[in-house]
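S.K.: Those protein sequence lines, which keep their order, are chains A and L. FYI, numbering that gives the first Met the number 0 numbers position 345 of the first sequence as 344, with every residue one higher than the one before it. FYI, numbering that gives the first Met the number 0 numbers position 517 of the second sequence as 516, with every residue one higher than the one before it.
Any given hint could turn out to be false.
[What the hints assert, rightly or not] Below are the DSS-like pairs computed for lysine-lysine, each with C-alpha atoms no more than 27 Å apart in a straight line:
#, chain 1, residue 1, chain 2, residue 2
1, L, K60, L, K197
2, L, K197, L, K41
3, L, K506, L, K260
4, L, K344, L, K260
5, L, K506, A, K354
6, A, K348, A, K93
7, L, K41, L, K202
8, L, K60, A, K348
9, L, K260, A, K227
10, A, K240, L, K197
11, L, K202, L, K260
12, L, K400, A, K227
13, A, K240, A, K227
Don't read these hints as lab results, they were simulated from the structure. Only a predicted model underlies this, so the values are computations on that prediction, with no experimental measurement involved.
Now for the letters of each chain:
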Amino acid sequence: MSSGIEKRPPLGRLGLFFTNRDALEPALITLFAAVFSLLAGVGLIFLVSKEPVQSVRNFLLGPFLRTYNIYYMMIAMVPLTFTGLALCIIYQSKHMSLIVDSSFYIGAVTATAVGIHVALPAGWHPAFAMLAAGIVGGFIGLLPAILKIRWRANELVSSLMLNYVFYFFGSFLILYFLRDRNQTILSSLPFRKTFLLPRLIPNTQLHAGFIVAAVFVVLVSVFLYRTKWGYEIRMIGANQKFASYAGLSVSTVILYSHFVSGFLGGMGGAIEMAGLYKAFIWQMNPSYAWDGVIVAMLARKNPKFVPLSAFFLAYMRVGADFMSRRGDVAFEFITLLQGLIIMILASDKIVNYFKARRLQRTALARTVEARAAGAGGAE
Amino acid sequence: MRSPGARQGSTRVETILQAVDLCKVYGNGTAANKFVNLTVRKGEILGLVGENGAGKSTLMKVVYGEEPPSSGTLLLDGKPVRFGSSRDAIAAGIGMVHQHFMLVPSLTLAENLVLGREPRKKSGMYDLDRAVRIAEELSAKYNLRIIPRARVVDVSVSMRQKLEILKTLYRGARILILDEPTSVLTPQETDELFSELKALRDKGQTIIFISHKLGEVFQICDRVTVMRDGVVIATHDIGDVDRQTISNEMVGREVRLTLDKEPASPGATALEVRNLSFVDDFGITMVDRVSFSLRKGEILGVVGVDGNGQSELVRILTGHARTLTGSIRKGGTDLTNASPRRIRKAGVAHVAEDRMTVGTALPASIADNLLADRYSEPAFTGPGGFLRRSAIQAEAAGIVKRFDIRCSSPNQPVASLSGGNMQKVVIGREFTAAADVLIVSQPTRGVDIGAIEFIHRTILSMRDEGKAILLVSSDLGEVLSLSDSLIVMHAGRIVAWFPDAGGVTDKELGLYMLGLKTQDETEIRKVLHE
Chain A
0 MSSGIEKRPP LGRLGLFFTN RDALEPALIT LFAAVFSLLA GVGLIFLVSK EPVQSVRNFL
60 LGPFLRTYNI YYMMIAMVPL TFTGLALCII YQSKHMSLIV DSSFYIGAVT ATAVGIHVAL
120 PAGWHPAFAM LAAGIVGGFI GLLPAILKIR WRANELVSSL MLNYVFYFFG SFLILYFLRD
180 RNQTILSSLP FRKTFLLPRL IPNTQLHAGF IVAAVFVVLV SVFLYRTKWG YEIRMIGANQ
240 KFASYAGLSV STVILYSHFV SGFLGGMGGA IEMAGLYKAF IWQMNPSYAW DGVIVAMLAR
300 KNPKFVPLSA FFLAYMRVGA DFMSRRGDVA FEFITLLQGL IIMILASDKI VNYFKARRLQ
360 RTALARTVEA RAAGAGGAE
Chain L
0 MRSPGARQGS TRVETILQAV DLCKVYGNGT AANKFVNLTV RKGEILGLVG ENGAGKSTLM
60 KVVYGEEPPS SGTLLLDGKP VRFGSSRDAI AAGIGMVHQH FMLVPSLTLA ENLVLGREPR
120 KKSGMYDLDR AVRIAEELSA KYNLRIIPRA RVVDVSVSMR QKLEILKTLY RGARILILDE
180 PTSVLTPQET DELFSELKAL RDKGQTIIFI SHKLGEVFQI CDRVTVMRDG VVIATHDIGD
240 VDRQTISNEM VGREVRLTLD KEPASPGATA LEVRNLSFVD DFGITMVDRV SFSLRKGEIL
300 GVVGVDGNGQ SELVRILTGH ARTLTGSIRK GGTDLTNASP RRIRKAGVAH VAEDRMTVGT
360 ALPASIADNL LADRYSEPAF TGPGGFLRRS AIQAEAAGIV KRFDIRCSSP NQPVASLSGG
420 NMQKVVIGRE FTAAADVLIV SQPTRGVDIG AIEFIHRTIL SMRDEGKAIL LVSSDLGEVL
480 SLSDSLIVMH AGRIVAWFPD AGGVTDKELG LYMLGLKTQD ETEIRKVLHE
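Isolated chain L, as found in the complex (with noise of 0.2 Å):
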């Protein structure tokens, strides 16, 4: 059945892979995968669609042989096979590119190209130069644009991802899954891929699209199919149904996409950053010369294709680097280069990027997570160092009432919970600090769609109580929405500052964050609010 809307490829529809009643239980006994039935069609583009933790890449996982199932089979061209390794997936042709690429940075594209699967000269050395030839005839072929004799390090993101795809075709890949392509990219960058993908595509190419922006699927997919709490909900033909739809099948409820906001009123600057710089371990300025200034009230977007600088300056702002140059005040007190707990005490909370390592203990309760920014203060501590456990319980008690943390107690490992429910012990305990500043990075990466909701309008709650909130996410929709002014890094300088977030678009946004445009000095300047 397929809807008018849809590709008219051709006319015989054929199966390349089939996924049948497929389990995967794992060691902590994450049931990931239940009885999945997924079909794949020769020559099509299938989205994966799904919150994370909905068991898309588990289910990819098993395909690629990275994971064997529990139970069930899986079919290519109609007959079962048992993948033992990735390697074995390859041979059958199946190629991943995973969200985190797998290149040697210091080898040249063709090189990394060739990796495993060398030419060599009769002599049997390696043949450098046929290796630079496959790459130019496969680049050609397939039209994706890369260097050969270029390094890895040495090229854009966008390219190394092509070489990534060059890579799964030249060990001869009929079935390409790629696991959320676009993350790293800028909205120019995802355009190219996305005409390339389906060059591909009409090439005879199958590939499978993981994602959750649902955009994108709209974009590039000829079906779709939504995954929620490892189960296979729903598959649709692309023209048949709408975003809404697949949000509430994705979340298994109405989902109020937009955000109700209130114009900011900022106060005064409550954090003056000012001239910051970071050098990274291998020579390259992560930071340069950036200064702002964040005002109460008010939530200063920062945005940027990921690795610009982003990351560093919170990690300088948060006492987990320091500057070479420059200053960190707030109020009257100097928090350049001060230790962490230095500029907690001074009034300022973080949402750590990385909830998993940084964020959170993993193996210590919720309570003790919850406490861990307060637990010497009076009011926890008493006389000769003795914790006061039943004011603890009862803060944390609070805060998972408060912020909706569903856990069967407070004394359970924050291991756990799930990625939405760990996301909330870090806001929990970060908005309920004793804080007027606060940095939050990627608030919620990782996170369900329901937990989104309450995280953003929290945000905004925080926003309206006062608070200066400096807003780090590499998910542009996010910072857009929730932002009420916002700046632009690219190679670790401040490219653009609009007072306005609202009244900026996608397109425009792109051109700063690839470099291509930049706002003049005294524009950058108003940043300051001098």
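Here chain A stands alone, though its shape is the one from the complex (with noise of 0.2 Å):
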């Protein structure tokens, strides 16, 4: 009556991983995007460069020939697992909000003034420059998850407005309140010394950031899938009038979904503060929402993958980088590659084109069998 369950060949290694086809055929799908954003870089670089070997080169192995790049992808990572993290959680709610771009941007200009103005020991400083800026974010967060709940708003469009928003208020406190006066271009004051974070490997930029990051992932995992919470955004994000019909609060959960999430951006963009910088020096918004978005995707929405999809853009982008320096490919090239990625991962139809192939075949195979067997229907 009902149908059996299928048989299905063993998956050797990678059934470690994954425990069935359906979550290992989308993880090929995305490794294709990735492999095939690549490839069409490479023809890109032909196309356009007059030493296209030493190019390509020096974009898919500059990453691995000189160790200070190790460094660069492993310091690039950092920013990109916060707001990969930020979002996976909010696409598994469901909601599409990008807020979190204020939130690293508001949590850079908080960590700035906690950097500036606070007076801490070492550790404790950037510890608490963190959880203020993470409080600050996640407020932020929670202004398009307001608006969503009370007026209907979209989250995508309030986020993406608001996004100016707190751009030029960012703006506007590091120039009146926060600016050092005797730099010729803008600057903060600089940070005190206890406010930057340790060296993981002297000589080096890579800081103590990148192990807060890795605890991160762990920590946002454990959160998604192991406790009550996690449930909840899981729930709404499956099917929302569910979730209200079986008594969840559904304008609680996309509250403090959404306050998490900006608590993480908010976190991310102080680490970035006391990672790598004297002071606040950016002339522009570094918007790692958008790198955010594309982690989550590549990660398919679960914090697990995230570091596996933020070393790829790392990698990506240090590639770029190194080989824009030494030949004559601009390094914006790569934002083609990246909104390559997106449109492959964005089809449902391709990501899940594998699965429906197969499933057809198998079944109409197994009709004709069972017409053979003399099982068919009977006249």
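Using the supplied hints, reconstruct the complex from the two chains, each of which is provided in its own coordinate frame.
M.R.: Here you go:
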């Protein structure tokens, strides 16, 4: 009567990570998207470069040819991991807010204020800054959620608009309250020494933020898959009407998921400040939220895979940077590749192509078999 | 081979439509049709029966050009045809009336009829008068009475259905497919439709009648084809076969068509509903001062033609809509306009009428679905908000076993289950909830007969445990056989109360459902049990 359990061939070693084909195949498609975009990049280099072989070598292998490039990748992974995790939470609840951009930026501004004006011992100082930036970022994250709950304003639109508001607000704070007027370029007053994060390896920029990011990957995974709050977030993502019917307080879940997401964004901003800079010197918004979108999509909304996809993005970035400084291809060409990745992954039909085809084939084959065995319908 | 009981039509049997070894496999791997062979004779009414998911709708979608077949051929008048879309099928003379009507509510019936093939004046302007004349002529020719100048919003469901049938005839349909046409009709309207369909057939029209109500099939069909699990099981002349045979063929085993039921022993009032009203977004009063008392150990059935306020009443009772007036009380607790969360906490469980959009979260696992109303209890969430995963698995496995949910593991997504098993997930959760009031809405809609039997027995055992049950269903047979007492709703009002559901006939109910009869106020007030 009911369809039996389908016997599936063993998955070998991949089975350790992916318990079934339904998870493996989208992962393969993701891999395909990544590899395809790299290949497209190679093709592009051959089109525009006068010395394509050298440029391709720098782009693909450059990140591993120099030790400092490996550290660069690790450093670049840190903000990507935080915004990626933040967006995993939003996407798991099936919301589209990009307010994490503001959380990150204002988080950095908050950390700047703490780094300049608060006196605390080393260690405690950046920790306090992270907490403060996280809380501020969390409250910023709440805004689109409140607009959505109260007036059914689409959170994607309101967050994009609010991002402008917060960017200029942040610049205003730096310009009018935190600026170092002795500098000719735009810069805040210098941070206190106690604010700076310790270096993991001397004479490199690799800072303790990398460890913090790793810890948060674990924390967010546990939060999403092992706590009741994570369960609630996943349920409103799976079917919001069902969640409300089953007795979940949907607005509460939307509020705290946005808060947690904003908190992660704010922390990311603070860590970036304390890890890499001696003063706030951003002339424009680095917009890590958009990178977070790619990271979260490549990770298929699962925090477990965020480090992997953050690494991939960092690899592309460092490779492109290395290449552009030694050849005639501009760094910006990777934005094309990122667009390509998003387009592939955003297409449900591509992502589920193999699954649909396999299911269709086996079902038809089974039908034919059953017919041959004489088990078909009788007239 | 025609039996003596069958209709004596033309002596020569002419095949108009034939499906040969038709297979249809969907992208999700469902083989909905497996080497289906179907023969439709000219000028007959062919019944197509089977449980939900048996493949009837898919077969008709292929015939109507809405889905391309994976393999096999379709022969129309002996010639192979391939429809790219339903437009091709319509051009070839096939018409379909869907279960959900495809009409423009704000236009008149005549305008809807000619939509897409409008008559025009010489100037090229739309000719409304001719549209009306066409409507009148067709209506008279086929004896399907409609009011051409009325707007669709203002006419009854049964007239809308007649309009749908006329629409297909206007487009030149020789083969008419009707998908569950009686599900929205009262018994009287059904009888009327049937005599009209017979008249159409006698004029030479071919009709394919999809249904899962066997009584109706025996009433009007000449032959019946039974499908199960994507395969045609058998085709019978209607005179050669009985109900039991067909039900067995539909289910694939012996079915008990009757329900053993002990008389109820109602206890104290569990839910006190007084004077509820609801006005929808269009300003139409959907629930109009509804009052009743639901007693422990009793199943109170709510009947009415779909759209007479039953759904809205349930939504108010479960916290999904707000009442303008009145109150809902359970024991000492006031639940008027409370949130679904508070209502559940107060001990009211709810089987939602739509399991796909409300009753389950399809992508989530069976376990996650089963625990959705109780995950935060201390048994399943430990200190610090951490889920107790083994307790959750044990609870889910227990419900899966007790409610016979057929699956490979409680961790598989609900989306992968059949309709019947999906419904068992909903029933399993709601019937194991810590609740003494159950609001059960359409418990077996689109569920296979085997699961229906199980669900009905479970509802009765819940009653025998002393729970108070409000049963809302558009399946009249279901409400009549399960309920202890009945209320009838028409236009948002309770128009009748029957203390003993067993003593009411279909015909009598029909009169109340149509609003042709109303009990007097004092009679209806007795449902308050004061």
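S.K.: Does L/K60 pair with L/K197 here, judged by a C-alpha cut-off of 27 Å?
M.R.: Holds, at roughly 24 Å.
S.K.: Take a quick look at whether A/K240 and L/K197 sit within 27 Å of each other, Cα to Cα.
M.R.: violated (44 Å)
S.K.: Below or equal to 27 Å on CA atoms is what counts here, so check L/K260 against A/K227.
M.R.: Violated, at roughly 42 Å.
S.K.: For a C-alpha distance cap of 27 Å, please report whether L/K197 and L/K41 respect it.
M.R.: Given pair L/K197, L/K41 holds - Cα atoms ~14 Å apart, limit 27 Å.
S.K.: Hint check: A/K348 vs A/K93, CA-CA at most 27 Å. Holds or violated?
M.R.: The hint holds at about 19 Å.
S.K.: For the pair we were handed, L/K202 and L/K260, check the Cα-Cα distance against 27 Å.
M.R.: Violated - the C-alpha atoms of L/K260 and L/K202 are around 46 Å apart, more than 27 Å.
S.K.: Check whether the Cα positions of L/K41 and L/K202 lie no farther apart than 27 Å.
M.R.: holds (11 Å)
S.K.: For the pair we were handed, L/K506 and A/K354, check the Cα-Cα distance against 27 Å.
M.R.: At roughly 51 Å apart (the allowed maximum being 27 Å), A/K354 and L/K506 break the hint.
S.K.: For the pair supplied as a hint, L/K400 and A/K227, is the alpha-carbon distance within the 27 Å limit?
M.R.: holds (25 Å)
S.K.: Between the alpha carbons of L/K60 and A/K348, is the straight-line distance 27 Å or under?
M.R.: Cα-Cα ~22 Å, so holds.
S.K.: Going straight from one Cα to the other, do L/K506 and L/K260 come out at no more than 27 Å?
M.R.: Holds, because 23 Å separates the two Cα atoms, which is no more than 27 Å.
S.K.: Decide if the proposed pair is consistent with the structure: A/K240 and A/K227, CA atoms, cutoff 27 Å inclusive.
M.R.: OK: A/K240 and A/K227 at ~18 Å, within 27 Å.
In this structure, the earlier hints numbered 4, 5, 9, 10, 11 are contradicted, and the remaining ones agree with it.
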